[in-house]
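Number of protein chains: 2
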Amino acid sequence: MPALEGQTLGVVGGGQLGRMLGEAASPLGVDVVVLDPTPEAPASRVADQIVADFDDPEALAELADRSDALTFEIELADPDGLETAAAEAGVPVHPSPDTLRLIEDKLVQKRHMRAAGVPCPAFREAGSVDELGSALDELGYPAMLKARTGGYDGRGNAPIHGPDDVEAAFAAVGGDAMVEAFVDFDRELSVIGCVGREEIDAFPVTETIHEEEILRRTVSPARTRQDIREQAREVAVDVLDELEGRGVYGIELFEREGEILLNEIAPRPHNSGHWTIEGASTSQFEQHVRAVLGAPTGSTELRAPTVSANILGDVDEPQPANLQGSEAVLASDRAAMHWYGKREVRPLRKMGHFTISGPQEAVVDRLLNRASKLADELTFRTDG
Amino acid sequence: MPALEGQTLGVVGGGQLGRMLGEAASPLGVDVVVLDPTPEAPASRVADQIVADFDDPEALAELADRSDALTFEIELADPDGLETAAAEAGVPVHPSPDTLRLIEDKLVQKRHMRAAGVPCPAFREAGSVDELGSALDELGYPAMLKARTGGYDGRGNAPIHGPDDVEAAFAAVGGDAMVEAFVDFDRELSVIGCVGREEIDAFPVTETIHEEEILRRTVSPARTRQDIREQAREVAVDVLDELEGRGVYGIELFEREGEILLNEIAPRPHNSGHWTIEGASTSQFEQHVRAVLGAPTGSTELRAPTVSANILGDVDEPQPANLQGSEAVLASDRAAMHWYGKREVRPLRKMGHFTISGPQEAVVDRLLNRASKLADELTFRTDG
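Residue numbers (this note's numbering), protein chains in the order written: chain G, 94 to 477; chain E, 94 to 477.
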């Protein structure tokens with residue numbers, strides 16, 4: 094094993110996840126190169142950037158040549174291209190391109206996990222309107238139609254409340270899809286898992302709060318029973334056992350009537366794990382850098398109860414990003430700001446996040462209240 | 094007040110302090126530009142770099158033009174050049190160039206602080222061997238001869254144990270000097286102070302452990318009585334009251350027989366404050382970025398008892414830096430590695446540091462033992 098310091102990590106994708114990977118890599122002495130088509134991508138602040146499409150073979154080859162290992166921060170990464178570039182340069186890719194292939198197709202992902210005994214909501218393939226209709230006869234209403242590939246942050250998803258919605262939903266999702274019985278969950282949870290050289294580990298279970306299918310807040314540790322947290326962790330470890338390659342994974346779960354069901358898997362650091370920067374002994378980003386490069390992973394223990402709040406574009410049209418209200422966040426005790434460096438704000442675009450941590454004995458409801466009050470005062474609108 | 098995110102901080106000096114400033118600035122959405130004559134200086138990993146001498150007028154003008162505020166991470170910064178460049182670009186410099194002038198001359202610094210009522214060791218000017226001899230007649234032996242300007246990490250200092258050392262010490266220090274009564278301290282302490290827009294604050298008092306006048310370990314909180322810690326903080330605040338301009342200051346102190354004496358002041362983040370990255374609610378680097386740019390400063394409260402250990406070059410000759418033993422640090426619970434990205438190791442060069450934190454109730458002696466064991470296993474020597 095070469096020492097970690099002095100190594101270079103190549104990352105497909107240079108958004109906020111790439112930026113936070115770069116921020117975590119620097120103290121470790123790891124250089125980061127990202128591949129992203131947008132010039133001056135968020136990660137370019139703390140990483141070198143190759144400006145090219147995610148699947149550009151020459152750019153992937155350059156990325157591999159400059160790196161000691163490859164990884165990706167977006168599911169849009171091309172598994173074949175990564176595999177080829179890595180093999181030619183003789184460097185590893187983590188997680189494995191096979192894992193990316195498995196996860197990028199939500200139907201394949203769910204079939205695999207169900208076959209492995211991971212509890213999943215009922216689902217069916219829906220390759221046509223007719224097939225969707227038959228599936229719904231079995232699953233009932235409401236249900237969620239999901240594009241098999243390419244969806245994120247609610248994009249590619251369409252709820253179906255009754256038979257009248259079927260055709261419009263199928264048209265909206267457009268093509269290959271799967272349909273899932275709607276889960277009337279009590280709570281949404283997330284586990285950030287980590288696969289190291291020999292060890293599988295997981296960060297404390299997080300509660301996630303979405304609106305319009307976009308993550309708004311996380312609460313760590315999750316406000317649920319200890320046995321539910323343990324069950325969530327067990328399901329996450331079962332999922333990790335099925336995935337090839339080292340790195341950090343975001344595993345989104347439903348809690349319903351005391352049971353855990355798998356929602357979705359992300360083969361990368363995940364928005365629901367941003368709280369670990371302040372709240373855990375090692376952040377998910379540092380953990381990913383360590384794991385991918387084959388260094389020992391760090392402790393995942395809780396350092397402080399922590400709530401995170403996403404800062405989303407609250408504008409109707411794209412415009413230059415001028416955030417109002419951030420000074421109150423900075424002035425708040427145990428608050429930490431994370432700004433992603435995007436110059437343009439767009440409707441619901443993720444522009445940054447902040448966390449509020451407490452001492453060990455802190456009541457997370459209070460932290461959540463504080464975070465929500467601060468978040469409510471943040472705006473990009475200039476008409477207010 | 095413009096929002097912090099989107100601002101640019103110009104820093105004279107691009108060493109490890111500049112690098113850690115850049116690491117702290119990125120999550121805040123603050124870009125950093127450093128001015129440093131060494132290409133690919135440590136900070137260039139996370140900052141833009143202007144490659145030029147610290148006092149190059151054109152480079153200082155460019156730095157000021159690109160920045161919303163100027164600061165420095167080395168005392169070698171040129172106060173006149175900074176003042177001129179800042180005035181022409183219409184941006185502030187923090188701390189004030191006057192503070193830099195006051196501090197860069199150790200005799201002026203001590204005279205000012207003594208006049209302000211800050212307790213200092215006895216000292217005299219020593220501009221010639223004769224003057225040094227007369228001073229020693231008053232101060233007695235042992236004593237420490239110090240170059241008035243340019244010394245750091247023990248360089249520019251020469252101990253005088255008796256009359257036989259006087260001429261050699263004066264020759265070694267070379268020219269304008271001051272001589273200080275040797276303080277037979279019980280403990281060395283450090284306080285990282287912070288001057289914000291309106292507030293003066295200080296991080297918890299740190300104990301510093303030097304060998305050969307180079308910092309080796311810090312222990313936070315310091316293992317001394319509560320009333321001594323309070324006294325140290327009061328002396329630090331008295332010092333800060335005398336300094337103009339916002340920012341973070343490192344204030345090194347002696348504890349002797351229940352009393353606090355001022356040792357030295359650094360008008361910048363200081364090696365003895367690196368522990369704040371893991372151990373305090375806000376790090377000294379984030380605090381400096383916030384303060385210099387006029388944003389609210391963060392909480393300085395202790396987050397976790399923390400010990401830091403410097404990683405110094407243990408080689409006899411310069412050579413490529415290949416550190417052995419870092420994997421054990423990474424594998425250690427609650428350890429955090431900070432590598433400065435220097436490719437060449439030299440005798441006693443500061444190459445990085447690591448910290449070990451504990452839970453709130455941790456006994457710092459144990460943390461210190463763990464850190465020292467890990468540090469003892471680190472080596473750049475290839476002959477071992």
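Any given hint could be a false lead.
[What the hints assert, rightly or not] Interface residues of chain G toward chain E, partial, derived using beta-carbon atoms under 7 Å:
hint, residue
1, PRO95
2, ARG138
3, ASP320
4, GLY434
[To be verified] Facing chain G, from chain E, some residues (calculated, C-beta under 10 Å):
hint, residue
5, HIS205
6, ARG207
7, SER227
8, ASP279
For the record, the hints were derived by calculation from the structure and aren't laboratory data. From the three backbone atoms N, C-alpha and C, an ideal C-beta is built for every residue, glycine too.
Results for each hint:
1. PRO95: Violated. Min distance 9 Å.
2. ARG138: holds (6 Å)
3. ASP320: violated (25 Å)
4. GLY434: Because about 6 Å separates GLY434/G from the closest Cβ in chain E, which is inside the 7 Å limit, the hint holds.
5. HIS205: violated (32 Å)
6. ARG207: violated (36 Å)
7. SER227: Not OK, violated: SER227/E not within 10 Å of chain G, min 50 Å.
8. ASP279: Because about 32 Å separates ASP279/E from the closest Cβ in chain G, which is outside the 10 Å limit, the hint is violated.
In terms of the numbered hints stated before, the structure departs from hints 1, 3, 5, 6, 7 and 8, listed from lowest to highest.
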